[in-house]
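Protein chains in written order, with UniProt numbering: chain Y, 1 to 273; chain A, 1 to 273; chain H, 1 to 273; chain U, 1 to 273; chain F, 1 to 273; chain E, 1 to 273.
Derived by calculation from the structure, the hints in this document are not laboratory data.
All the given hints hold, so there is nothing to weed out.
Identical chains share a label here; the pair holds if one copy fits it or two copies do between them.
Think about it this way: if two alpha-carbon atoms lie no more than 30 Å apart in a straight line, the pair counts; the simulated DSS-like pairs of lysine-lysine are:
| # | residue 1 | residue 2 |
| --- | --- | --- |
| 1 | LYS166 | LYS134 |
| 2 | LYS98 | LYS110 |
| 3 | LYS9 | LYS166 |
| 4 | LYS9 | LYS34 |
| 5 | LYS9 | LYS224 |
| 6 | LYS134 | LYS9 |
| 7 | LYS98 | LYS9 |
6 protein chains.
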Amino acid sequence: MDTNGFYHKIKTGTQVYGTCVTVCNPQWPAMLNKAGLDFVFLDTEHIPLDRSQLAYLCHGYRALGIAPIVRIATADETLAGQAVDAGAQGVIAPYLEKEEQIDSLVYALKYRPLKGVLLEQYRMRPDTLPDSLKTYLAAYNSGNVAIANIESVPALNNLERLLAVKGLDAVFIGPHDLSVSMGLPEEYDHPDFEKAVAHIIRLCRSNGISVGIHFSLEPDRQVKWGQQGANIIMHSSDVALFSQRLASDMKHIRSMLGDTQHAGEPDSISAII
Amino acid sequence: MDTNGFYHKIKTGTQVYGTCVTVCNPQWPAMLNKAGLDFVFLDTEHIPLDRSQLAYLCHGYRALGIAPIVRIATADETLAGQAVDAGAQGVIAPYLEKEEQIDSLVYALKYRPLKGVLLEQYRMRPDTLPDSLKTYLAAYNSGNVAIANIESVPALNNLERLLAVKGLDAVFIGPHDLSVSMGLPEEYDHPDFEKAVAHIIRLCRSNGISVGIHFSLEPDRQVKWGQQGANIIMHSSDVALFSQRLASDMKHIRSMLGDTQHAGEPDSISAII
Amino acid sequence: MDTNGFYHKIKTGTQVYGTCVTVCNPQWPAMLNKAGLDFVFLDTEHIPLDRSQLAYLCHGYRALGIAPIVRIATADETLAGQAVDAGAQGVIAPYLEKEEQIDSLVYALKYRPLKGVLLEQYRMRPDTLPDSLKTYLAAYNSGNVAIANIESVPALNNLERLLAVKGLDAVFIGPHDLSVSMGLPEEYDHPDFEKAVAHIIRLCRSNGISVGIHFSLEPDRQVKWGQQGANIIMHSSDVALFSQRLASDMKHIRSMLGDTQHAGEPDSISAII
Amino acid sequence: MDTNGFYHKIKTGTQVYGTCVTVCNPQWPAMLNKAGLDFVFLDTEHIPLDRSQLAYLCHGYRALGIAPIVRIATADETLAGQAVDAGAQGVIAPYLEKEEQIDSLVYALKYRPLKGVLLEQYRMRPDTLPDSLKTYLAAYNSGNVAIANIESVPALNNLERLLAVKGLDAVFIGPHDLSVSMGLPEEYDHPDFEKAVAHIIRLCRSNGISVGIHFSLEPDRQVKWGQQGANIIMHSSDVALFSQRLASDMKHIRSMLGDTQHAGEPDSISAII
Amino acid sequence: MDTNGFYHKIKTGTQVYGTCVTVCNPQWPAMLNKAGLDFVFLDTEHIPLDRSQLAYLCHGYRALGIAPIVRIATADETLAGQAVDAGAQGVIAPYLEKEEQIDSLVYALKYRPLKGVLLEQYRMRPDTLPDSLKTYLAAYNSGNVAIANIESVPALNNLERLLAVKGLDAVFIGPHDLSVSMGLPEEYDHPDFEKAVAHIIRLCRSNGISVGIHFSLEPDRQVKWGQQGANIIMHSSDVALFSQRLASDMKHIRSMLGDTQHAGEPDSISAII
Amino acid sequence: MDTNGFYHKIKTGTQVYGTCVTVCNPQWPAMLNKAGLDFVFLDTEHIPLDRSQLAYLCHGYRALGIAPIVRIATADETLAGQAVDAGAQGVIAPYLEKEEQIDSLVYALKYRPLKGVLLEQYRMRPDTLPDSLKTYLAAYNSGNVAIANIESVPALNNLERLLAVKGLDAVFIGPHDLSVSMGLPEEYDHPDFEKAVAHIIRLCRSNGISVGIHFSLEPDRQVKWGQQGANIIMHSSDVALFSQRLASDMKHIRSMLGDTQHAGEPDSISAII
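With the hints as constraints, model all of the structure from the sequences given.
Structure, rendered in structure tokens:
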């Protein structure tokens with residue numbers, strides 16, 4: 001099921017806006033809806049969300065026309081299927097570096113409920129899949145979006161082949177992991193890092209793949225990447241936006257009131273997701 | 001039990017800083033701790049928190065030295081006792097207008113576990129309470145903070161008598177309810193509203209009562225009230241800070257990218273709490 | 001906020017359809033949406049729902065355009081306000097027998113956030129409420145539906161006066177309580193019981209009040225009452241529909257397979273709600 | 001419904017054994033079942049249990065033949081009804097001191113679903129209740145146990161009249177509240193306290209009322225009170241038994257290993273419940 | 001531990017009745033108990049149940065003598081062990097096609113807590129397992145039921161060898177997956193599909209293996225398969241029975257009241273499980 | 001982050017005390033804090049804890065200076081990372097028998113967020129890891145404790161090589177699994193079992209590895225093992241301590257009161273964990 005044309009937007013490279021939601025709270029969805037989001041990013045890799053919470057989140061946001069995009073903990077077909085069963089429209093597999101990984105993700109999302117020996121056969125020989133079954137599976141899985149997390153040097157080096165895998169819809173760049181993998185941990189202003197990101201964005205778009213980068217600090221980064229061609233604007237998270245605003249407001253109030261005692265600042269939250 | 005000297009600060013009129021927390025999330029407390037808060041405001045009047053969630057919140061923040069202040073749903077001795085059992089250090093009763101209401105709150109918080117007929121007797125004739133019992137009850141309830149929500153014209157008119165009730169520790173001004181009660185709904189810049197707030201602050205402080213005002217918009221309001229004498233800085237809430245920051249960041253990004261489609265803005269959140 | 005025109009339908013006596021939902025499950029709302037419901041009835045009087053669950057239910061159904069109608073545990077202004085804060089569009093107070101009870105419910109739902117001394121004054125002297133405040137409160141509470149549970153002989157005897165209370169929008173008849181109050185426990189086919197129900201329906205509609213009856217057995221009862229004029233079709237509950245269908249299917253299968261061992265049948269569920 | 005003959009045992013003064021359960025954990029019930037308990041005491045006055053947790057606890061223990069006895073937060077008919085709806089077999093109202101309070105509890109538990117004006121009439125004039133309705137209500141509420149918490153000097157002074165209220169089944173003595181009310185806080189060995197407890201036990205039993213005392217320290221107290229006539233053995237709680245055993249085992253291990261650093265000891269837990 | 005003789009019934013091919021439960025609700029178990037069920041099917045492959053919910057469900061149904069049968073997400077020894085730790089009596093592994101998969105399931109369920117290198121050795125050379133250990137493990141794991149989901153053409157083709165694996169107790173046929181694998185998606189009336197099911201039933205029973213088919217539409221399918229020899233009657237689910245009954249009742253009421261506006265119908269739910 | 005010097009104590013072989021916590025309850029942490037614990041053992045292998053519960057537990061105990069040590073369900077890098085994301089300070093992988101397993105655990109805990117191809121390269125050729133990255137990863141993962149569960153004969157036979165793996169910090173002995181693997185199920189007094197435990201303790205300590213054994217019966221076992229050199233005192237669990245104390249107290253009370261009916265006793269709980 002395509003929520004509010006999200007799949008269509010991804011396939012046509014239309015600009016879409018979202019944030020990472022880490023909190024399962026009954027008031028959150030209506031509130032995010034007011035900010036005019038196209039999707040929410042739900043990260044089961046790093047955020048300790050339960051399966052039932054994930055299902056509440058997916059169903060709650062879908063009901064409002066906001067597409068739920070779920071990152072699974074590791075590239076695994078069973079996890080991809082569980083995310084869809086919980087209501088995800090898109091699934092992100094983290095740290096993909098090899099073509100087989102992307103192919104597995106695509107098959108897990110777009111050939112459900114086929115599995116096992118037969119799925120392997122169809123994957124090796126797609127032409128052997130009967131047309132009637134092909135039609136059924138396309139309808140059954142319509143709207144599902146397959147997204148690869150590109151966040152390492154090996155993935156960067158192998159990028160053209162990765163993007164060529166049939167069925168891949170979009171790429172999420174993981175800035176923290178990528179910076180560490182490049183030996184430039186958290187140096188998001190380093191020219192090599194900036195070059196790498198720009199390269200991924202360009203290559204994705206020229207291959208007809210939607211692309212975005214999830215980042216939890218300055219919104220102007222999203223502007224810059226958007227100007228470079230990123231059409232998925234994945235800006236920050238509830239936890240980062242709240243804690244950054246709280247810290248800066250409190251600092252301002254204390255300083256205006258002449259109270260200089262506390263100088264706490266939240267960590268860079270980008271490290272979390 | 002006094003968390004991090006909070007009771008002492010309230011009694012001495014020391015500046016304390018807090019925010020309203022509406023989310024029961026395992027990562028929240030450590031994050032707020034970094035912002036250097038003295039207390040959190042947990043509102044069971046308007047926010048649908050379960051009793052077990054309230055207990056997690058109270059114990060979680062206490063463990064970090066942040067005093068949990070709980071607003072009960074209505075002025076009721078049983079609810080006040082349940083808040084303390086859940087781990088609250090302070091209890092706020094909403095919409096207090098009469099001296100008996102404040103007196104009841106004080107007795108519910110500072111004479112536990114006395115109840116019923118005998119408590120009524122001691123309340124009428126405090127001198128009949130045996131010294132040994134007085135000592136026991138003082139130790140048993142040490143650190144408990146009694147806070148009155150002042151948020152209506154009748155309360156305003158009766159303020160001197162309300163502040164004179166023995167045992168009252170602090171006042172929270174409720175701006176939304178007060179503005180409606182004054183016939184100036186949400187007109188927080190109206191001179192009459194500003195005058196009323198300034199009056200409450202002044203009267204509280206001159207009576208040795210700590211005072212603050214919970215407000216969810218501009219931090220500069222807290223600065224102004226702090227300069228007028230409010231020593232409890234109760235700035236905004238997680239839900240307001242997050243949604244305001246998300247909306248403004250998204251607006252900025254969209255506008256910089258030339259995307260003018262969405263103009264959504266979160267409601268004034270002050271209406272909620 | 002009016003969900004999908006529900007308030008308008010209630011005020012115009014349009015037919016609306018709903019069921020009682022007792023289960024807080026992420027998959028339920030989308031499923032009920034397919035059955036084309038206008039509202040769900042959420043009963044916090046008898047069903048042990050937590051406040052956070054109630055908020056999930058209210059927000060989840062609202063997002064799909066299904067109005068959440070919440071029965072509070074007893075006629076109490078604080079509970080009515082908490083239901084609205086949790087996301088309820090309509091509030092049912094149980095076992096109402098007196099005009100003041102209905103008036104209190106109306107004021108609790110339609111004059112928020114006014115409370116206390118001033119609300120009492122405006123309730124006694126509605127003409128003293130300033131026009132600007134009236135307008136604000138009407139907008140602030142727009143869409144809220146006040147529903148009285150009529151389920152006893154004293155209420156029946158006092159019905160005309162109860163229905164005359166300004167602001168009452170609808171009546172829910174409670175068949176189990178009413179039958180017990182009439183000394184005809186669970187005798188839903190007794191002519192006196194049928195006459196009483198028909199009388200309430202007729203009187204409500206002739207006073208411009210929407211009316212329905214929540215009943216958990218045969219759907220043909222709803223047809224009959226609908227033909228008598230009930231425009232709120234409040235048919236059964238998830239727990240009743242499931243258990244009735246399970247029991248009848250299992251009985252059928254066992255009997256067809258020649259297995260006569262088990263003859264269990266679910267209790268009349270009407271007793272529960 | 002009578003769970004495992006619990007109601008019969010209470011009415012005949014048979015010895016019954018139980019503990020206070022504060023934890024809603026899937027493994028607890030089967031474990032307690034092995035200890036051969038007749039009932040569990042679930043305290044919603046002091047323990048922050050949610051309504052859904054209470055329902056899990058009640059249904060879970062009932063399924064194993066262990067009667068769930070629920071203490072409500074305060075003497076209130078709505079709370080008593082909610083406890084029964086959640087699955088409680090017995091309901092304890094705290095701090096009862098007056099005959100009307102006991103009578104209200106009895107009517108709330110044994111005349112459901114009657115309420116309001118008519119219930120008041122039947123309560124004033126029991127002879128006006130029709131026989132057929134009497135029979136229905138007796139069957140509908142069969143097995144429900146009404147228990148009064150006696151825990152203050154005024155209750156002690158009024159005890160004969162309290163025990164004479166028709167329909168009262170049992171008494172729970174609250175040692176902490178009683179000791180405070182007597183001006184002997186936590187002095188459980190004081191001869192006056194011991195005399196008071198012995199007096200309540202004797203008076204209950206001679207009036208055909210079952211009686212017990214919930215206490216969280218030495219099991220030999222239960223032995224002593226059992227020998228004095230208490231037939232309800234309400235020994236300690238999960239939280240007290242665990243923390244006491246952990247503290248004593250840890251102290252033993254540390255001391256045997258020559259590690260004398262830590263001397264922590266859990267508080268008297270009796271204060272909690 | 002054998003719940004209510006369930007293991008014995010499976011080993012002797014006795015008729016057993018069950019349904020799929022997707023809802024963790026305190027009132028469900030007692031309600032299902034009235035329908036006379038032998039087991040419940042809890043599906044962690046497709047239904048987003050948390051581990052703690054699974055444990056509540058397993059313990060709750062066991063307490064009532066209803067055996068909990070858990071489908072794990074994928075054939076994996078760790079998941080099988082976790083299901084047993086959560087209280088499952090039987091474990092179903094989905095989409096089994098190879099003998100090693102069935103053998104692994106059997107060893108995971110019947111040789112606990114052996115694992116690792118030694119378990120591999122005993123699995124290769126069962127005769128090397130010491131008799132005393134054999135006896136201990138048999139007692140330790142007594143009652144555990146190993147169930148294979150047969151739901152693909154490769155499994156069908158390999159069926160005789162699969163059924164010959166020592167320790168396999170029962171087979172669940174997965175109709176949706178099987179129909180897709182056969183290239184006949186959801187064509188449950190297709191003669192080839194019917195033939196395949198009948199073949200599996202016959203082959204299982206002639207090999208002393210209990211067999212059933214989980215299906216969520218007409219109960220007469222279960223009758224037909226029961227007559228063909230299926231002794232496990234796994235009829236529908238709570239979610240399917242409720243939504244089907246709600247949709248048909250609402251359609252009936254609307255049509256009788258002349259309201260033809262809504263024609264919604266729930267999807268085939270068989271697709272879900 | 002090092003909680004209360006726990007990592008330092010583990011590296012220096014200092015005595016540390018802990019228990020296994022199976023219950024996610026808001027009151028537990030403060031209570032355990034009073035018993036002076038250094039760590040809690042949270043077992044996600046056998047105890048059905050949800051991810052969100054695990055995060056509450058980890059953050060709650062950390063806030064009090066008690067280090068949370070989490071056993072993952074099976075040796076798996078993704079699970080190890082999720083435990084750390086949930087707030088674990090130490091991670092125990094169960095049933096380790098091979099050097100690669102220990103090495104994987106170490107890399108999963110101490111080289112985060114590196115993964116995939118590059119991590120494999122650095123693992124094979126540690127000298128190729130740039131110094132700046134090494135420094136970053138050391139700081140990023142500082143305080144993380146890698147613990148191997150040794151609980152089988154193959155592990156015993158391979159122990160010297162296992163302990164030599166660089167980065168391993170501590171060993172937990174699993175008595176139940178070990179006894180079964182040795183063909184001596186639950187024979188904890190068997191001389192061969194005692195010899196094996198003593199051998200592991202000695203070998204660990206002489207290799208600079210901290211060691212403990214989680215056991216749920218007599219505290220004197222911990223004394224004996226402590227005297228043999230075990231510096232991690234992992235004594236019992238909340239569920240075992242509670243049920244043992246409840247059973248013995250109830251037995252005592254019954255016997256003193258001459259009630260000989262019930263002789264239930266909890267199972268050996270050591271089997272559970």
